[in-house]
Amino acid sequence: MGLLKTKKIDNDEKYFFASQWSLMFKKLKKHKLAQISIVILIILYTQMLFAQFVSPYGLESFDSKVVNAPPTKVHLFDDEGIHLPFVYAYEQKRDPETFRKFYVEDKSKRYPIKLFGKGETYKFLGLFESDRHLFIVDEPAKIFIFGSDKLGRDIFSRIALGSQISLTIPLAGVFISFILGITIGSISGYFGGMVDTVIQRIIEVIRSFPTLPLWMALSAAIPARIPVIQMFLFITIILSFISWTGLARTVRSKFMSLKTEDYILAAKVAGVSDFKIILTHMIPGFISYLVVNMTLSIPGMIIGETSMSFLGLGIRPPATSWGVLLQEAQQIQNIALYPWKLVPLLYVIITVLAFNFFGDGLRDAADPYK
Amino acid sequence: MVPLVFVTSMVVFAVIQLPPGDYVTTYIATLQAEGEAVDQKIIEDLREEYGLDQSLPVQYFKWMKNIVTKGDFGYSFSYNKPVNDVIGERMASTLLISGLTMIFTYVVAIPIGIYSALHQYSIGDYIATIIGFLGMATPNFLLAILLMFASFKWFGDPMMGLMSMEYIDAPMSIAKFLDICKHLIIPVIVIGTGGTCGLIRVMRGQMLDELDQQYVLTGRSKGLEEKKIRRKYIVRAALNPIASSIGWNLTKIFSGSTITAIVLNLPTQGPIMLGALRNQDMYLAGTWLLFMSVLTMVGTLISDIVLAWIDPRIRLMDSRM
Numbered sequence: 005m006g007l008l009k010t011k012k013i014d015n016d017e018k019y020f021f022a023s024q025w026s027l028m029f030k031k032l033k034k035h036k037l038a039q040i041s042i043v044i045l046i047i048l049y050t051q052m053l054f055a056q057f058v059s060p061y062g063l064e065s066f067d068s069k070v071v072n073a074p075p076t077k078v079h080l081f082d083d084e085g086i087h088l089p090f091v092y093a094y095e096q097k098r099d100p101e102t103f104r105k106f107y108v109e110d111k112s113k114r115y116p117i118k119l120f121g122k123g124e125t126y127k128f129l130g131l132f133e134s135d136r137h138l139f140i141v142d143e144p145a146k147i148f149i150f151g152s153d154k155l156g157r158d159i160f161s162r163i164a165l166g167s168q169i170s171l172t173i174p175l176a177g178v179f180i181s182f183i184l185g186i187t188i189g190s191i192s193g194y195f196g197g198m199v200d201t202v203i204q205r206i207i208e209v210i211r212s213f214p215t216l217p218l219w220m221a222l223s224a225a226i227p228a229r230i231p232v233i234q235m236f237l238f239i240t241i242i243l244s245f246i247s248w249t250g251l252a253r254t255v256r257s258k259f260m261s262l263k264t265e266d267y268i269l270a271a272k273v274a275g276v277s278d279f280k281i282i283l284t285h286m287i288p289g290f291i292s293y294l295v296v297n298m299t300l301s302i303p304g305m306i307i308g309e310t311s312m313s314f315l316g317l318g319i320r321p322p323a324t325s326w327g328v329l330l331q332e333a334q335q336i337q338n339i340a341l342y343p344w345k346l347v348p349l350l351y352v353i354i355t356v357l358a359f360n361f362f363g364d365g366l367r368d369a370a371d372p373y374k
Numbered sequence: 002m003v004p005l006v007f008v009t010s011m012v013v014f015a016v017i018q019l020p021p022g023d024y025v026t027t028y029i030a031t032l033q034a035e036g037e038a039v040d041q042k043i044i045e046d047l048r049e050e051y052g053l054d055q056s057l058p059v060q061y062f063k064w065m066k067n068i069v070t071k072g073d074f075g076y077s078f079s080y081n082k083p084v085n086d087v088i089g090e091r092m093a094s095t096l097l098i099s100g101l102t103m104i105f106t107y108v109v110a111i112p113i114g115i116y117s118a119l120h121q122y123s124i125g126d127y128i129a130t131i132i133g134f135l136g137m138a139t140p141n142f143l144l145a146i147l148l149m150f151a152s153f154k155w156f157g158d159p160m161m162g163l164m165s166m167e168y169i170d171a172p173m174s175i176a177k178f179l180d181i182c183k184h185l186i187i188p189v190i191v192i193g194t195g196g197t198c199g200l201i202r203v204m205r206g207q208m209l210d211e212l213d214q215q216y217v218l219t220g221r222s223k224g225l226e227e228k229k230i231r232r233k234y235i236v237r238a239a240l241n242p243i244a245s246s247i248g249w250n251l252t253k254i255f256s257g258s259t260i261t262a263i264v265l266n267l268p269t270q271g272p273i274m275l276g277a278l279r280n281q282d283m284y285l286a287g288t289w290l291l292f293m294s295v296l297t298m299v300g301t302l303i304s305d306i307v308l309a310w311i312d313p314r315i316r317l318m319d320s321r322m
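Sequence order for the protein chains is B and U. Under my numbering, the first residue of the first sequence is numbered 5, with each subsequent residue one higher. Under my numbering, the first residue of the second sequence is numbered 2, with each subsequent residue one higher.
Be a bit skeptical, because a hint or two may be false.
Simulated crosslink set (PhoX-like; lysine-lysine; CA at most 25 angstroms straight-line) [said to hold, decoys possible]:
hint : chain 1 : residue 1 : chain 2 : residue 2
1    : U       : K177      : B       : K105
2    : U       : K154      : B       : K154
3    : B       : K105      : B       : K36
4    : U       : K154      : U       : K177
Quick caveat, the hints were computed from the structure, so don't treat them as lab data. Computed from a predicted structure; not experimentally measured.
From just these sequences and the hints, can you work out the full model?
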């Protein structure tokens with residue numbers, strides 16, 4: 005009995021002395037949707053990191069013999085019985101009436117799916133060359149698990165490779181607005197007075213712009229032919245152009261309320277420098293709150309990038325992002341005839357939802373009153 | 002607010018000047034692409050004619066002077082007519098669609114939010130939650146494509162544009178009116194969904210917060226009807242943050258309608274502005290950006306007024322000051 009009691013006290017003490025982050029982590033573990041979202045996000049980001057390896061084909065490799073082909077069916081059985089997973093090659097046919105191309109499976113030969121088979125060479129993580137792919141089939145058969153586009157490129161490969169842009173832009177954007185928001189917000193809140201007034205007026209002006217039109221106007225300013233890296237940088241800056249203002253405001257109001265706390269006064273009396281007070285005494289006090297805020301602003305950035313690229317104002321081909329992939333879904337005939345071109349949309353929706361739920365979970369976890 | 006508008010107009014002007022080159026460059030590029038030789042003299046003449054040879058501050062002050070004194074927003078190069086005319090032609094349809102969307106958003110979102118909160122964790126609440134989250138996660142323009150596809154599949158008509166081909170030049174009649182109404186359904190749903198879904202969540206959260214308040218208990222214990230408590234106490238208190246977001250929502254609808262209009266080929270401001278941005282038709286693009294920002298400010302003003310109207314606390318605070 006006595007043993008049990010001390011154990012309980014130990015647990016209680018652990019709870020009382022736990023850091024804010026471990027408390028948050030504990031609460032987050034109880035949030036089912038947030039957990040599923042974390043798993044989904046980890047899968048998406050792993051796929052992004054190893055995109056060249058995961059995707060069977062390269063970004064630009066095309067085959068004019070299999071344009072707009074439907075997703076490849078993976079078989080286990082044929083007339084002879086059961087086999088390892090295999091596919092059939094595509095065979096092009098023409099509808100005698102409408103002259104439209106369509107594809108049937110050429111059942112004369114089986115092409116087994118090879119794990120870690122050889123394909124196109126690529127530079128793995130930009131470090132060393134490799135030609136191994138997670139799964140691939142021998143030519144002339146193709147494996148298009150989400151079908152192919154109008155040039156005969158594999159949609160799955162392009163989604164995986166496109167995610168390298170679509171999934172990093174929001175993170176980079178959030179990072180920039182985080183830095184800007186904290187710096188400017190803390191300056192404004194800590195010093196107050198004239199500095200504060202000027203900064204607040206600037207923020208008001210920026211906030212009075214409607215987001216999307218401003219993004220459109222700014223991205224129209226990106227020159228047409230610049231390297232992908234630069235384009236990426238420009239778009240990130242444009243996306244964070246507005247979102248830092250919200251953060252700066254929150255930081256400022258938090259500063260205003262923290263400034264009058266006794267422990268800040270104590271630090272000041274002890275002769276700690278302004279910079280150090282901000283960095284070690286004030287920011288840690290609300291950093292969790294900021295992290296939540298930032299997570300919740302990621303979905304907006306993903307949708308923003310997708311919409312701009314979709315309109316041809318963001319990422320432009322040959323660089324690929326999910327928005328660029330969706331350009332093909334712009335025409336209604338395309339969706340009617342080749343519905344698999346909407347798969348990138350599914351990716352967008354799932355990612356946005358996952359970030360939303362994850363942010364929701366974080367918010368609940370960071371809230372000390374629940 | 003006036004100085005704010007003034008500073009905003011400067012920023013707008015700077016933003017539309019950002020792209021390298023000007024309208025004449027774009028124009029010459031098109032001419033050259035068509036195989037016409039263009040000599041230097043013509044280029045300079047064009048620049049002079051449009052006033053593009055002057056320095057930026059001079060251009061800005063001329064533009065501003067005309068806006069303030071004559072209400073003239075400049076000249077659209079690509080349409081070859083004053084900006085006022087280009088925008089005026091499409092103003093009615095833009096306002097019609099945005100206004101309807103606004104009404105749709107509130108009429109749909111508030112009752113659903115109330116229902117969701119009063120029947121927390123019921124099937125209806127779950128459905129509303131799922132739709133709410135999906136609606137927030139789907140980009141507007143893609144929803145437009147999906148709905149167009151659905152309408153094409155089931156009714157054999159993708160409902161592009163604001164009216165059917167045969168009515169474009171026809172005078173107003175009941176048939177034309179009905180046709181326009183039919184075509185308005187998709188845009189209103191598409192543009193409104195994002196806002197509606199967000200509002201449902203906010204309304205539900207607010208209601209749930211208010212339901213636990215002491216005054217509700219007080220009301221119940223003194224024997225008030227449940228209906229009356231809901232209508233007079235809870236809903237009224239829960240509406241506060243909704244009212245304060247009206248201004249913000251208004252901008253969202255306007256910017257949301259831009260992209261949707263491009264996809265659905267609606268005769269609103271959206272497609273024109275995309276073109277203006279691409280061709281560097283700067284006064285047209287500038288006017289539009291300016292208009293949008295002023296609208297946001299007006300929206301904020303409207304929310305303040307509505308807030309003061311429904312919340313007596315704010316009204317009292319003002320009169321005391």
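Each hint, compared with the structure:
no. : hint            : in the structure
1   : U/K177 - B/K105 : violated, 40 angstroms
2   : U/K154 - B/K154 : holds, 22 angstroms
3   : B/K105 - B/K36  : violated, 46 angstroms
4   : U/K154 - U/K177 : holds, 23 angstroms
In the structure shown, a violation is registered for the earlier hints numbered 1, 3, in ascending order.
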